[in-house]
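Visitor: Fit chains B and C to the given chain A structure using the hints.
Protein chains in written order, with the working numbering: chain A, 149 to 434; chain B, 1148 to 1481; chain C, -13 to 585.
These are computed hints drawn from the structure, not numbers from a lab.
Incorrect hints may appear among the rest.
[What the hints assert, rightly or not] Derived lysine-lysine pairs resembling BS3-like cross-links, with alpha carbons at most 30 Å apart:
id	chain 1	residue 1	chain 2	residue 2
1	C	Lys248	B	Lys1328
2	C	Lys400	C	Lys374
3	B	Lys1328	C	Lys267
4	C	Lys513	C	Lys365
5	B	Lys1225	B	Lys1155
6	C	Lys400	C	Lys433
[Claimed, not checked] Derived list of chain C stretches under chain A, where covered just means 3 residues or more per stretch with a C-beta under 8 Å from a C-beta of chain A:
id	stretch
7	247 to 261
8	277 to 283
9	403 to 413
Every residue gets a Cβ at the ideal spot worked out from N, C-alpha and C, and that includes glycine.
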Amino acid sequence: MKKQRNKNEFLYFALRNVKLLIGFSVILLFLITGLVGPLLAGNEPFAYVNPLGPQPPSAEYWFGTTFFGQDVFSQFAHGLQATFLVGILGGGIGTIIGILIGFVAGYRGGIVDEILNVFTNIVLVIPTLAVLLIIAAYFEVRSIFSESLFIGITAWPWAARAIRAQTFSLRTRDFVDLARMSGMKPLKIIFQEIAPNMMSYLVMTFILQFGGAILNAATLDFIGLGPTNAISLGLMMQHAVNWGALQLGHWWWFIPPGLAITAIVGALYTMNVGLDEVFNPKLRET
Amino acid sequence: MRSYFGRKFLIYGLTFFLAVTIDWMIPRFMPGDPITNMLANFSVSSTNSNAYAEMRAYYTQLFGLDLPLWQQYLNFWKSLFHGDLGISTSQFPTSVAAVLLRAVPYDIFLLVPGILLSWYAGNKFGAFAARSRWLDNTISPLGYILTATPYMWLGILLAWFFGIVLGIFPIAGAYSFNIVKPTLSFSFIRNLLWHWFLPFASLFLVGFGGQAIGMRNLIIYEIEADYSRYLEALGAPTRLIRKYAFRNAILPQITGLALSLGVVVAGALVTEVVFSYPGIGYQLLAAIQGQDYFLIQGCFLFIIIGVLLANFIIDITYIMIDPRTRRGMTGETA
Amino acid sequence: MANRMRVLLALVLLTVFAVGCSQATTTVVPATEKTTEKPVEAATEKPAEEPVEEVPSAPETFERSETLYVSGAAWGPPSTWNPFQPGNLANTTGTIGFVYEFLYSYDPLAGEFTPWLAENGEWTDDTTFEVTLREGLAWSDGEPLTAADVKYTFELGQQYSALWFSPVWNYLTGVDAVDDTHVTFTFDDPLYQEWDNYLYSLPIVPQHLWEGRSEEDITTGANENPVGSGAYLYQSHAEDRNIWTRNENWWGNDVFGTPAPKNIVDIRTSSNNVALGMVLKGELDLSNNFLPGVAALSNQYVQTYYPQAPYMLSANTAVLFLNTTKAPMDDAAFRRALAFAIDTPSIVNVAYAQLVKAASPTGLLPSMQQYDDQDVLAKLGYEFDTDKAKQMLAAAGYVDTDGDGLVEAPDGSKIELKVTCPSGWTDWMAAIDIIATSAQAAGINIKAETPDYGAWNTELQGGTFDMTLNNWAIMSNTPWNLYNLLFRHPIQDQMQSGNFGRYDNQEIFDLVDALAKVKATDDEGMKAACADIQELMLTEMPMIPLWYNGLWAQWSTSTWQNWPTEDSENQTLPTTWSGYWQMGGLMTLINLEPVPPAE
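Just chain A, with the same shape it has in the complex (with noise of 0.2 Å):
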C-alpha cells in the first residue's frame, strides 16, 4: 500500500490539499495569537484592571472583562498556550507510550502482542475520564505538565492499537524480511524499515491524540480538577459558568474559549483527513 515515494510528490499534493491547508492555517492563527497575545494584552491574565467589572468587548479590552474586570482577551491568550501545551505534550506521551506498545506488539506478535493486546484492551475499556478524575484529585496541587502527563498515560490505547496492526501487515513485506535474513537487530528493523514506512500513519496519529488531549484537558479543567494557580481554556469556561456568566449574559466570558477548543480541534481532525489524502491516494478529490 504504501510505497517509497518521492518526497516532492507529497509536498506538491500537500500544497494543493484545501483541507490540509484550511486546518494548517486556523492551527497557525491560533498557535500566533497563543505567543503574541500575552504580549499585545499588556495585562496580566488575573489582574484586576478593569474597575467596572464585567464589559463587553470594546478597543481597550478586546474580548471585554470578567466579573472582576479581568481582562478575557489576556486570559484568552495565556489560556491558548496552555492549550497547546497540553496538545503537544499530552499527545506526544500518548503517542509515544502507543508507538512503543504498537510496534513492539505488532512485529514481535506471538505472546508477547497477546499480552500487550489484553492489555491495551483493559486501558481502552475503563473510561479515561473517570480515572482521570481520581489521578487528578490524588494531586493537590497541579500542574499543567503533570495534567499532561496523566492524559498521555491514559490516551495511548487507541494510538497502540492503531500501530500495532499497521506493524503487523508491515511485518511481512519483503523488504522487512530481507532485513531480518540480513541479521539486523529487531529494534532496529523496527526504526529504519517499518516506522519510516508508516510514518505518515504516526503523524496522523500524534495529530489525534493531540486533539483528544486538548479536549480531555478541557473536561477536566470544566470540573475543576485542572491545574491549579494556571489559566487555560477550560479554566475560563469553569470561571465564567461559576460566575453566573450565563445568567448574567456575558456571553464575550465563554464563547471564546470553547470557541477556540472547537476550531484547533477540528482544525486538527481537517488536516488529519487532508493528510490522508495527501498520503493515500485513492482519496484525491479528483
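Guide: Using the frame of chain A, we list chains B and C on its own:
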C-alpha cells in the same frame, strides 16, 4: 466462537479485577484523611478536642479503616459481592448503593437514547453524505465541528441560548420544584422530558457528528475498495455498490461504538454537571467536592460495570450481525 | 428489525420534540409575567391550550401563593433528619428549627434571648439554673412535651460521648425534672457563655420515641420521618429538595403567630449560578446563596437587607491565620506589619464587588461591636497603609539586602511565604490574590496558592501552612465564640477547630477562659474581659481579621412581602441556613405576608 468468548471474558474479568483494585485504593491513598475531612464539616463551635477524638475513633471504626490493609481489601471484595459499597460520608448515613440507585435511572434515560439515536442518525447521515460532493461539503464540516466541540461547551451554549436567551427550556434539575411528588401522570412525564431535552441534545449532537464522520469515511474507503471497483466494472448499479459499502462499513461502526463508550460516558458526566442533571456524573462531582471517597469509589465502580456491560452487549450484537465471528475470528478491526 | 427500529426511533424523536415545543410555548408566559399574573395561574404552569386535561384528585403542583421557594442552605442531597448530626443537617435545614425546637431562641441583631420552649429561665445561684417550660407544649404526634423530655435529651450527652454536646457534662453535674414544667440544672464551675449557647442550639427530642433506640441510631441514624414539636412538618424530600408543610396544630401559633407559607420547598442548587438563574426568573422567593452579581440586580429583580453596599448583613469573620511556629510569622513585629500591608479595601471592592464589609481589627461582628474596646482600637488598630507597613518592617530589621525589592529577615535569610485557600472557592481565591499582591507591594514575598480542599484541610489542621483564611465561628450570642476559635487551647498535633496558627500564649488562653466564665448578665464584666483579650491580640497579632462574610440573602417580593430590611419594623435574620432558624429565621417566616393578587 468459544475462543472468541473466552478471550473477551478474560479481558473483561481482568479489567474488572484491576478496576476494583484501583477503586479500593481511592479512599485509602487519597491526600488527607476521609474521616478528618468529614468531621471538618461538622462545624460545631463548642466541640472540644476530647469529643472530637471520640467522634473520630467512632467513625474510623464504623468505616473499617482501623483494620490491616490486606483485610480491608478482602472485606472490600466480600462486601462488593453483597452489593455493599459502604456509606457515603457527604450524605451520611445513606449507603453508597442507595445514592447510586437513585442516580442510575437518570443516566440510562440520558445515555441509552443519546448513544443509540446519535449512532443511528449519524450513520444515516454519514452514508448520505458520501453520496455526492455537494452533500459531503455541507454535512462533513458540520460533523467535524460537532465532534470537535467539547461536550460542556455545547451544553453551555444550548443552556445559554435555549434556557436563558429564549427561556424555553429549563437548564437545571430533573423536574420542576412545584411538583408535589413524582407520579406516573402525563404532566409529570412531560415535565421530566422537558428537563431532559437539553442535556440529551448536547450528548446527541456531539455523538452524531463523530458517527457521521466515521461512516462517511468508511463508505468512501469501501467505495474505493477493489470489490467495489470490480462491481462497477461489471456494470452493477451504484445503488447496489453503496448498499454493499454500507453493509461493510456498519461493522466497524459497531466496534467503534463500543470503543467510544468511554468518551460518551465522560461526555455525560460533564453534561450532567452543566445541567445539574442528577445522574452519576453529578454525584461524582459532588463526591469529589465533598471529599466523599466512598461515593467516588461507588461511582467509579458503577461506571466501569456499566461500560463493561455495554461492551458485552455490543459484542453479542456484533456476533449476531457478522457471520465471520461465529467461525472463530476475533472481533478486531483496524 | 431495521424497520421496526426506525419507526421506534422516529416515535421517540417526535415525542421529544413535541414535548419540547409544547412546553416551550407555555412556559414563556409564567416566566415573564409571574409578577403581574394571578398567582394561581402562574403557579401551575399548565399549558393553556390543553384544557381537556383531566383534573387529578390530589393537586400535582403546589399552589404558588401558599408556597415559599428558598435555596442556599443545602449543599448536598438530604440524607439525615437526626437533630444530633450537625454537619450533614445543613442539607435538611429545618430539621432543627422547624421540627425540633430549643429552650430559647437568640436574636443576634438585638443581642437578646427569647424564651421558646422555656417560658422562663434563671440562675438561682452561681451553680443552679432553673427552667420553667411553657404550658401546653406538644409533639406533633399529640403527646405532651414535658420536663422529662428536656432531661432525657441532655442526659443523652452524658451517656454517649460521640454526641457533639457531650462536653457540656464537663461542668454540668445533673438535670432534674422537678415536675412536668420545671427543670433544674446543677453545675460545677460552669462556662456561662457556652451554656447560653447550648440553650438555643441543643434541640429537644421526644423521649417516648427515642427511648428504645440503639446508640448507633441515636448518634448516627438517619431518623427518617422525624417527629418534633415545631412549626413545620416533614413532607417529603428528593435529591435536590426538602419539602416542609405547616404544622396547623403547632403550640406556638398562639404565642408567636402562624408562619405564612403553607409549604416550604427548600431547594438545593448544585451551584450558585443556578440559584442566580432561578432568582432572575422569579422561581425563588429567598436565595441565601452567595450571588456575585447581585449588587447589579438589587432593587430591580431582588431586594436585599441594605438597598446599597454592603447589601448584606455580616455573618462571620474571615480571618487570616498566621502559622506562628514558622519564621518570620513567629515575630509579632512582622505580623503587625503584615496587617498594615494587606489591601482589604480591594478585597471588599474587587473580590466581592462591595457585598462585604471590612472587619473590625478585633474580629467581632457588627452585632457584637459593643464589645470592641475603642481605646484599644485607637491605640492598636490597623488599616491598609503600604508605607506604614514598610516603615514597620524596616524598624523591625526586615530590609531588602539583595536589591530584589523584597525584604529579607533580620538574619539575612530570604522570605518566601504562601497564602492559601481551597481551590474552587472563587471569592477567597480572588481575596488571597489581593493579599499576595498587596504584601508584595510592601516588600513581603507572599504567593497565593490554592490546593484542593482535602489538602488544604490537612495543612490547616496539621499546622503546615504559612498563612491561610478561615471563618469557622458562626454568629452567636457571645464574643467568646470567636475568641474560642482564635485561641483554642491546648495546642495539639492536630488543631481541628481553631487556633490553626498554633499561637501558644498562656496569658491569652487564661483571658479567654476568664471570658467564658463571665455571666451573660454581667455586661461590664464581658466588656472588660474582651478589652483584655483585644489588647493582647492586637499587640501580638497572631492572626489578622480581614472582612465579614455576608449573610447572603436576596429575595423577591412577587409572592411574599414584609421581609426584614434596614428600615423595616421587624428586625430578624432573612436566612434559611442551618443553625439560623432559632436565630430569627423562623420569625422572618412568621412575619411574612402573601402579596395580594393584583387586580
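Visitor: Indicate, hint by hint, whether the structure satisfies it.
Guide: Now for the hints, and whether the structure bears them out:
Note on Lys248 of chain C and Lys1328 of chain B: the hinted pairing holds, with a Cα-Cα distance of about 16 Å set against a maximum of 30 Å. This hinted pair checks out: Lys400 of chain C and Lys374 of chain C have alpha carbons roughly 21 Å apart, not beyond 30 Å. Of the pairs offered as hints, the one joining Lys1328 of chain B and Lys267 of chain C holds, with about 22 Å between alpha carbons and a cut-off of 30 Å not exceeded. Distance hint between Lys513 of chain C and Lys365 of chain C is fulfilled; the C-alpha atoms sit about 17 Å from each other, no more than 30 Å.
The straight-line distance between the Cα atoms of Lys1225 of chain B and Lys1155 of chain B is roughly 25 Å, inside the 30 Å bound, and the hint therefore holds. For the hint linking Lys400 of chain C to Lys433 of chain C, the alpha-carbon distance of about 14 Å falls within 30 Å, and the restraint holds. Figure legend: the stretch 247 to 261 of chain C, annotated as covered by chain A; annotation consistent (3 residues with Cβ-Cβ distances under 8 Å, at least 3 required). Counting residues of the stretch 277 to 283 of chain C whose beta carbon lies closer than 8 Å to any beta carbon of chain A gives 4, which meets the minimum of three for the stated coverage.
Counting residues of the stretch 403 to 413 of chain C whose CB falls under 8 Å from any CB of chain A gives 3; the rule of at least 3 is met.
No hint from the list above goes unmet by this structure.
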